[in-house]
Amino acid sequence: MAEYTYFPALPADIVDQAAGYARKGYRLIQIHCTNTPQEMFIIYTFEKEDLTCESLRMEVQVGDTVPSISGDFFGAFLYENEIHDLYGVNFSGMAVDFKGTFYETAVKQAFSMTNTENNI
Amino acid sequence: MGERTIIPFGPQHPVLPEPLHLDLIMEDEKVVGAVPSIGFVHRGLEKLVEKRDFHEMMYVIERICGICSFIHGQGYCQTIEAIMGVEIPDRAKYLRTIWAELSRVHSHLLWLGLMADAFGFESLFMHCWRVREKILDIFEETTGGRVIFSVCKVGGVWKDINNATLTRIVSTLHVVEKETKELAKVFIKDYTVQKRTRGVGVLTYKEAFDLGAVGPTLRGSGVRQDLRQLGYAAYGELDFEPVVEIDGDCYARTVVRVREVFQSFDLIYQAVGKIPDGDIEVKVKGNPNGEYLSRLEQPRGQVIYYGKANGTKYLDRFRVRTPTFANIAPLLKMLPGADLADVPILALTIDPCISCTER
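Top to bottom, those sequences are chains S and R. In terms of the working numbering, the first sequence is residues 72 to 191. In terms of the working numbering, the second sequence is residues 776 to 1134.
Here chain S stands alone, though its shape is the one from the complex (with noise of 0.2 Å):
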């Protein structure tokens, strides 16, 4: 199996490395959002034709906003609209933002919670 690799982005620089990618011939296969009690990252992951993978790993917080890359891959704003929907964190700038709506989730930023905090 293959192994993955994950380079360090910050939100201010995202775009361009995203931008970067599109140049080298990847494409967007998915965004996600990963939290522990003392972290929170958003992990972007890029695959060429030949199946050669790199994921970015982004910190941020609840509340954060960080811009879309929607621009470069037009499909992150479906990723992009999860992540707000789900742990709360705000994209700028997507191709089409849903305002919350995306999910209809009956507890708002349900994954962001601890398993205390949303008493699961």
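Note that these hints are calculated values from the structure, not bench results. Fair warning: this is a prediction, and the values are worked out from it, not measured in the lab. Every residue, glycine too, gets a C-beta built ideally from N, C-alpha and C. Please note that a few of the clues may not be correct.
Stated by the list, open to error - Only pairs whose alpha carbons sit at most 35 Å apart, straight line, appear in this in silico DSBU-like list of lysine-lysine:
1) R:1058 with S:170
2) S:179 with R:1088
3) S:170 with R:981
4) S:179 with R:822
To be verified - Covered stretches of chain R, going by a simulated chain S footprint (3 or more residues, C-beta under 8 Å):
5) 816 to 829
6) 1070 to 1079
7) 1087 to 1094
Unchecked claim - Here chain R is said to cover these stretches of chain S; the calculated rule only asks that three of the stretch's residues, wherever they fall, bring their Cβ under 8 Å from a Cβ of chain R:
8) 96 to 106
9) 121 to 130
10) 137 to 147
11) 173 to 183
With chain S held as given, fit chain R onto it using these hints.
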């Protein structure tokens, strides 16, 4: 330019098998744009990793979808095994491959039936599903389940299939293959089918790749990419080439699925011919600690699993990026220019699985 109107399409619609909503922006009968809405039934299953230990979580992940259930379980197990550095026995790898390819056959036959129903061939729809029943019977015989199998486990598989049963399965599949060839003729050669699907919803090679299309939607546009080429499970020891069509329209995506059914038969025959004797599981000790991102080829296309573990029996995060989620952006590109009457067929050609998407 005609007057623009917006037609809400779905989530409840006679031709839609899944609750997908599209706001279709129309000029007369032509679609000029579309805005998707999903999230009506989002279940938040990924969050359950905080309440179910990493062994139990396999059964939750399998329940993401009733059609892709086996490969969801396989992908979850592969991810956890990679984090823990567990190498499963070769026989387990082959068994996983056989069940995964049977899943692809039953998923594609299900889809072909739905497609036949969408363009009005009701008998063809019933024949596709009749043939598919034999695959479900094989699942029932080998796993005990027809929808949820629960045979994958971290470290291998729960159940073996003895060699006599494997031989009998191959005999059954030869019959299924013969019947499927008869059905395939209609999908590939029928005049009406071609009139409804050729030149409809064209996605170019570059659009398909750049927009993140996966599976038959990607390969129908000429992109030679299939995650089984990574060689996971037993695929590294089997001969196959990605099935590719170049026209990028609804017909091409249909033909890719038809041809992939026969490719799956061939892969199963190869796997049964090469499966080694031996154990079907290894003992897994301790808890996972670390993270891993794995990619597999579902019937609908590339699926991505990400696991992050902290050394306890509960994971910090498990993420599933489903093929349908990846194919929504390409769908939005296919729709402009299509007639309203073609939208149901066009939407169907990405093989939407909202159950997976609303994991």
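Hint check:
1. R:1058 with S:170: The hint is violated at about 48 Å.
2. S:179 with R:1088: holds, 27 Å
3. S:170 with R:981: Satisfied, since the Cα-Cα distance of roughly 30 Å is no more than 35 Å.
4. S:179 with R:822: Measuring from Cα to Cα gives roughly 14 Å; hence the hint holds.
5. 816 to 829: Since three or more residues must qualify, the claim that chain S covers the region 816 to 829 of chain R holds, with 6 doing so at under 8 Å.
6. 1070 to 1079: holds (count 3)
7. 1087 to 1094: Since 3 is at least three, the answer is holds.
8. 96 to 106: Since 7 is at least three, the answer is holds.
9. 121 to 130: holds (count 3)
10. 137 to 147: It holds: at least three residues are needed, and the region 137 to 147 of chain S offers 3 whose Cβ sits within less than 8 Å of chain R.
11. 173 to 183: holds (count 6)
Of the numbered hints given earlier, the model fails hint 1 alone.
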